[in-house]
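Colleague: Sequence:
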Amino acid sequence: MFRECRFDLPYVAGYLAAREAPILAQMIQELRQEQPELVPQVIMVDGNGVLHPRRFGLASHLGVVADIPTIGVAKNFLQIDDGAELTVKAVRESFQACLAHGHRQMSLQGQSGQIYGM
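So in the UniProt record's numbering the end of the sequence shown lands on 118, straight run, no missing numbers.
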């Protein structure tokens, strides 16, 4: 889907859902009404899901509001307060070490044991 949109709220890091989720949810609702056969079974969102400082980014918010499973695919890592392993510096260093050993992915696990993403 594509639609040119105008946002009334400014961009604020960490609060993308407040700005973009209502517009995306409206687009999905219109699609449900006009062409229900085209409603996706899963949505990949340019934003975080649970890998977010408040564990509920744009992907999570949209998934709940639209009642469609979502996957957050973010460009930037937002630091999570769950131990020293999830600082920007620690994640960068861990991933560089994984790459040096030929690995192409790693889990992002906090001190609590919670896995936030891959």
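Don't take every hint at face value.
[To be verified] With beta-carbon atoms standing in for the labels, derived distance ranges: (1) 89 <-> 6: 30 to 40 Å; (2) 38 <-> 79: 14 to 24 Å; (3) 38 <-> 106: 34 to 44 Å; (4) 5 <-> 92: 43 to 53 Å; (5) 29 <-> 89: 22 to 32 Å; (6) 92 <-> 6: 32 to 42 Å.
Calculated from the structure, these hints are not laboratory results.
Small disclaimer: the values here were computed from a predicted structure and weren't measured.
Heads up, the beta-carbon is just placed ideally off N, CA and C, and yes, glycines get one too.
Colleague: All hints are to be evaluated individually against the structure, with a verdict given for each.
Modeller: Hints versus structure:
1. For the pair residue 89 and residue 6, the supplied restraint of 30 to 40 Å holds, since their beta-carbon distance comes to about 37 Å.
2. For the hinted restraint 14 to 24 Å between residue 38 and residue 79, the CB-CB distance of approximately 37 Å leaves it violated.
3. Judged by the Cβ atoms, the range 34 to 44 Å given for residue 38 and residue 106 holds: they are separated by roughly 36 Å.
4. A hinted range of 43 to 53 Å for the beta carbons of residue 5 and residue 92 is inconsistent with their spacing of about 33 Å.
5. Hint check: residue 29 to residue 89, Cβ distance near 41 Å, so the stated range 22 to 32 Å is violated.
6. For residue 92 and residue 6, the Cβ-Cβ distance of about 36 Å falls inside the hinted range of 32 to 42 Å, so the restraint holds.
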